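Peer 1: Sequence:
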Amino acid sequence: MASDASLYDWRWMIRSALKGFWLILAGGVLCGALALAYVSLRPALYTASAVLNITNLRLTTSGEDAFFTESQFDPTFLETQIETIGSTPVLSNVIQTLKLGEPDALDQQGALKALRGGLAIQRLGQSNLVEIRYTSGTPQHAATVANEVARAYMAKQESDRAEAVQSASGWLRDRLREAGPKAQVMSAATPPVDKSNPRGLVIIALAGIVGGAAGFVAALTLAFLDRSFRRTDQLTSAVGVECFGVIPNVQHDHASSKQGSPALLSEIASRPGTPEWQTLRLASVAILPLAATPHMRSLGVTSALPGEGKTVLAANLALHIAQMGKRALLVDAQSYRPELSKSMEYANRRGLVDYIEGRESDLKALIVQDTRTGLDTLPYGQAGKAPGMLWAGRMEHLLNQAAAYDLVVFDLPALDAAGDLRASARFIDSFVLVVEAGRVSDEALSVALSATPPVWEKLVGSILNRCDPQPVFKWLPTFGR
1 MASDASLYDW RWMIRSALKG FWLILAGGVL CGALALAYVS LRPALYTASA
51 VLNITNLRLT TSGEDAFFTE SQFDPTFLET QIETIGSTPV LSNVIQTLKL
101 GEPDALDQQG ALKALRGGLA IQRLGQSNLV EIRYTSGTPQ HAATVANEVA
151 RAYMAKQESD RAEAVQSASG WLRDRLREAG PKAQVMSAAT PPVDKSNPRG
201 LVIIALAGIV GGAAGFVAAL TLAFLDRSFR RTDQLTSAVG VECFGVIPNV
251 QHDHASSKQG SPALLSEIAS RPGTPEWQTL RLASVAILPL AATPHMRSLG
301 VTSALPGEGK TVLAANLALH IAQMGKRALL VDAQSYRPEL SKSMEYANRR
351 GLVDYIEGRE SDLKALIVQD TRTGLDTLPY GQAGKAPGML WAGRMEHLLN
401 QAAAYDLVVF DLPALDAAGD LRASARFIDS FVLVVEAGRV SDEALSVALS
451 ATPPVWEKLV GSILNRCDPQ PVFKWLPTFG R
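Going by this note's numbering, the residue at position 191 of the sequence shown is 191; the numbering climbs one at a time, nothing skipped.
Some hints could be false.
Unchecked claim - Under the rule of at most 30 Å between Cα atoms (straight-line distance), these lysine-lysine pairs were calculated in the DSSO-like manner: (1) Lys-156 x Lys-113; (2) Lys-99 x Lys-113; (3) Lys-326 x Lys-364; (4) Lys-156 x Lys-99; (5) Lys-342 x Lys-364; (6) Lys-99 x Lys-182; (7) Lys-195 x Lys-99; (8) Lys-326 x Lys-342; (9) Lys-182 x Lys-113; (10) Lys-342 x Lys-458; (11) Lys-458 x Lys-326; (12) Lys-195 x Lys-113; (13) Lys-182 x Lys-156.
FYI, nobody ran anything at the bench for these hints, they're computed from the structure. Every value quoted in this text rests on a predicted model; they were computed, and no experiment measured them.
Could you put the whole structure together from the sequences, leaning on the hints where they help?
Peer 2: Shown next, in the form of structure tokens:
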């Protein structure tokens, strides 16, 4: 059985491949389309072949004056003859005979290079047979060149043999003409009927595979370079506190908003046992024992960047705590974008800023109880002073008046509002950090937390939001959690 580490690596590779599926698909389709264009536009090629039987006959004596010839085996003989067939003298003869080039030397070199480009010479198995193949754009030309190369080679054999016997005595000359390399045409080249181009489907398939493989490598590279958070263990390692779990993307329940509930509030509450419900339950179970102590009665929910879904989670967390039989107060403390009040249609009501600015001293008069869920909410109200005035002396009075609640949950700005977060840490006992999966990098989160040390010190947990589970991994074991 493979080790846990190796399984984890395979999980990462499979996860990265699925995440980059469209990149893999695009690479395969692109390369396949290019291959299709090449197959459609490439010129037709035809290959003709001639086969020679090449033997080596040597002169041997028996007695004093009896002479005869016999074949001798030499492992290097055929290799030498193959090199001779493709030699410049033989091919130059072919070029001259077929008029493949002009008389000038430069054109002769070009014709020689072109001839060698279409020529292939090989031994057939362990026999004495040598195949001469030539590929051309027309069947007739391919057969003509292959046959002419065979003829030019045999002509060179005869020429070399005739030159070798010139120095021999007259009675030996006739016998020597039969010795040495001799070639016999076993099959002459004929114009081929079928094209010799590689099959188009094979080329397209191989191109698609290569493109898909390139896309796979690109997907792994992008996944390796991706420093954003995708798993709970990554977030735990970066923040240094427990990650309560993941919240998948949940469809917005517009009906809930129209009935006075925050977005997604009734959706999560009506589906116990779902991943998002279990995450909120884990967070509630972890936070409530701390809330029972005198030093922890308030909780701030913030995020790394704006728009990561912390408002929805703050509302759902408060509701979940209330459904566990505890008294929870949800406070909209987003000075710049009071989305909670807007989503609950409390935008025009008096609220937090009215209390902070002294226009209302009775906190109970500002709290709104949702008729459907029973959740108590303190809207933001209408701002009359700078947002920084929220975290002033009257915030302490507000918390004292809210002492009847087991926990006060504040929906706060993101960490980029470092000044507001630092000021809020004077009054808020603990914080929960919401991070959207795949959006913020570990370096960016570390910088944001470093700018707000009081918040980082009071973090009790984090939640990875909008992280869709991948069903393909449900059958795999989970590591590092």
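Peer 1: If a hint holds in the structure, say so; if it does not, say that too.
Peer 2: For each hint, the structure was consulted:
1. Lys-156 x Lys-113: The hint holds at about 20 Å.
2. Lys-99 x Lys-113: holds, 15 Å
3. Lys-326 x Lys-364: holds, 18 Å
4. Lys-156 x Lys-99: holds, 19 Å
5. Lys-342 x Lys-364: Status holds; Cα separation ~20 Å.
6. Lys-99 x Lys-182: holds, 27 Å
7. Lys-195 x Lys-99: The hint holds at about 25 Å.
8. Lys-326 x Lys-342: Holds. Lys-326 to Lys-342 sits at ~25 Å (cutoff 30 Å).
9. Lys-182 x Lys-113: holds, 27 Å
10. Lys-342 x Lys-458: holds, 29 Å
11. Lys-458 x Lys-326: Given pair Lys-458, Lys-326 holds - Cα atoms ~22 Å apart, limit 30 Å.
12. Lys-195 x Lys-113: holds, 23 Å
13. Lys-182 x Lys-156: holds, 11 Å
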